[in-house]
Amino acid sequence: MTKANTPPRQVSIGTYEGLRTKERVVLDIDGQSVGVYFLGDEIRAWHNTCPHSGGPVCQGKTVARTLQAVDAATGKSPGLTLDRSSRMIVCPWHGFEFDLLTGIHAVDTKTRLRPVPVAVVDGDVVLTLG
Amino acid sequence: MRPTQLDKARIRELEEIGTRSDTRDVLARATMQAKRDYDDYFVVDIDAHVSEDHFWGEVIELIDNEYLRDLGQSQLRSFAGNNALLNIVPGLSHQSVGGRITHQGRREPDVPQGEHPFVVAAQRSMDAMGLDYQIVFPSAMLLLGMHPQDEVEVALARAFNRWTVERILPMDERLKAFVYLPFNTPEACEALVAQYADAKDVIGFTVCSTRNNAIHADCYARLYAMIEESGKPLAFHSGYHWGDPSFAQLNRFATMHALSFTHYNQIHVSNWLFNAMPERFPKLKMLWVESGLAWIPFLMQRLDHEVLMRPSEAPGMKRLPSEYMAEMWYTSQPMERTNMELLEATMKVMKAETQLLYSSDWPHWDWDAPSVITTLPFLSDQAKRNILGLNAARLFNLDIKPKKPRADAVLATRPGRS
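Protein chains in written order, with the UniProt record's numbering: chain A, 1 to 130; chain B, 1 to 418.
If you're looking for bench data, these hints aren't it; they were derived computationally from the structure. Mixed in with the good hints, there may be bad ones.
Straight-line C-alpha distance at most 20 Å; calculated EDC-like pairs for lysine to aspartate or glutamate [stated by the list, open to error]: (1) A:Lys22 / B:Glu336; (2) B:Lys318 / B:Asp304; (3) B:Lys35 / B:Glu16; (4) A:Lys110 / A:Asp122; (5) B:Lys200 / B:Asp218; (6) B:Lys403 / B:Asp201; (7) B:Lys35 / A:Glu17; (8) B:Lys35 / A:Glu23; (9) B:Lys200 / B:Glu166; (10) B:Lys318 / B:Asp381; (11) B:Lys283 / B:Glu336; (12) A:Lys110 / B:Asp201; (13) A:Lys110 / B:Glu336; (14) A:Lys22 / B:Glu13; (15) B:Lys283 / B:Asp381; (16) A:Lys22 / B:Glu16.
As the structure is a prediction and not an experimental result, all values here were calculated from the model.
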């Protein structure tokens, strides 16, 4: 059976309360690699393959988004700063950075991570794998 | 649909990749790409790097000048540590993007007793990327051309060449190297060419491009003749230097890196052509390393345009600069590939099918896996094979009998935690 014909299946990967304390878990599930992230009350899952070169994007660091501070009145910039309220997923192969919640690259909105549907069902984190 | 709890054995947690990850884990995806796309290709990586700072004590002890060896060992034990005698500026070394990219400068874990950590790391990278041969260059020494003390460049060059050729290369027949030429001192370069011209695992000679020497100067004529006579290529390996006044205008490593690595080789190619060096040393095989590809069509067009209007400044040239450039060799990394139409045109004009050599630059931050070539939609299978290894075999007289293990065997030994 080809992959395209494989019906989606739901996989429970553990309890929400148990996993959320880890903030990030990367799993190989029957050969499919998925990164699952917990940020506040939000939960996201992304395929662990970088759209750039196929690197293991979810196994890199997560960091705060870098911003360029700009004074709106003068247009002057005091330089770069960090937005500690956001998290970026950094591909360990070449440093591509993606917003943890949206999967969108920090600069190029056309470059995105591929999502994996994820939900909490009866207290368990459940992925829908294609 | 009711969730299905899979057998626990079929769910495997994968580790974060960091500075102490095994090379085979970091590159496991590249092994899978090899299995999928190019397991039967002959692949040569023309430009990989030693993190020589990790073994700097071994190099320093090989310095043949007693004063400089003593000075180096003193610095090694004190404030300079692994940067002893070098002119790199640690505070301006932003390659890891603030620790986001961890493979540059990483230390290989689990090195078997009695084996050399660099050789083990190199072997793991070759197996993981599916390489038959890997040619290694230094890293921190790439800036030595800007060192204010010429005698230090000479001493470190001689020591590093000895370390590479006598200690490292004999440990694995898949490892090869260029001999570093301390270009600020032509006589010392000539002595090194004489010493290593016939060395089995030395496949050529290299000049680090980051310097302000005019490479067409007559003081290098004897050197070029000697290299030409050896039949081995001369490679100019580009680099950066934030201390260069033009680059001091730039406030980001990204912009400085983007421009400087192309800048130095553009200057050297321009001087090489306008001073008719291809006519004066017609058998000298010139290789330009680590500038990517996008600068090549730019410089071809620019120099052709100029020489047509000002032929009196280039009377030694018998053809257009672009024609000479299409006969030189180039390494691929860091290969610009955000616009396939431009890349295809670039490869066509530079005759990539015969002149381009794949290079990884591993373990540096902007490395390229062989898949950057195998996934190009416009190249024929033969062109991919040429770029990945057969062009190198021709240039360096390498035996194309496969040397690497199959990807399946690599993954069976180490399934990867990535």
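Going down the list of hints, with the structure as the test:
1. Between the alpha carbons of Lys22 of chain A and Glu336 of chain B the distance comes to roughly 37 Å, so the proposed pair goes past 20 Å and is violated.
2. For the suggested pair Lys318 of chain B and Asp304 of chain B, the alpha carbons sit about 12 Å apart, so the restraint of at most 20 Å is met.
3. With a CA separation close to 23 Å, the supplied pair Lys35 of chain B and Glu16 of chain B exceeds the 20 Å bound.
4. Under the criterion of a C-alpha separation no larger than 20 Å, the hint pairing Lys110 of chain A with Asp122 of chain A is inconsistent with the structure, at around 35 Å.
5. Only pairs whose Cα atoms come within 20 Å are accepted, and Lys200 of chain B paired with Asp218 of chain B is rejected, the gap being roughly 30 Å.
6. Note on Lys403 of chain B and Asp201 of chain B: the hinted pairing holds, with a Cα-Cα distance of about 15 Å set against a maximum of 20 Å.
7. Between Lys35 of chain B and Glu17 of chain A the alpha-carbon distance is near 39 Å, which puts this suggested pair outside the 20 Å criterion.
8. Proximity of Lys35 of chain B to Glu23 of chain A is assessed by CA-CA distance (about 33 Å); at most 20 Å being required, the pair is judged violated.
9. Between Lys200 of chain B and Glu166 of chain B, the direct Cα distance comes to roughly 11 Å. Compliance with the 20 Å bound is thereby established for this hinted pair.
10. Distance restraint check for Lys318 of chain B and Asp381 of chain B: the Cα-Cα separation of roughly 35 Å exceeds the 20 Å cut-off, and the hinted pair is therefore not satisfied.
11. A distance of roughly 30 Å separates the Cα atoms of Lys283 of chain B and Glu336 of chain B; the hinted pair therefore is violated under the 20 Å criterion.
12. Taken as a hint, the Lys110 of chain A and Asp201 of chain B pair is broken in the structure, with Cα atoms around 46 Å apart against an allowance of 20 Å.
13. The hinted pair formed by Lys110 of chain A and Glu336 of chain B meets the criterion: a straight-line CA distance of about 18 Å does not exceed 20 Å.
14. Distance restraint check for Lys22 of chain A and Glu13 of chain B: the Cα-Cα separation of roughly 12 Å lies within the 20 Å cut-off, and the hinted pair is therefore satisfied.
15. Our distance criterion of 20 Å between C-alpha atoms is broken by Lys283 of chain B and Asp381 of chain B, whose separation comes to about 30 Å.
16. For the suggested pair Lys22 of chain A and Glu16 of chain B, the alpha carbons sit about 12 Å apart, so the restraint of at most 20 Å is met.
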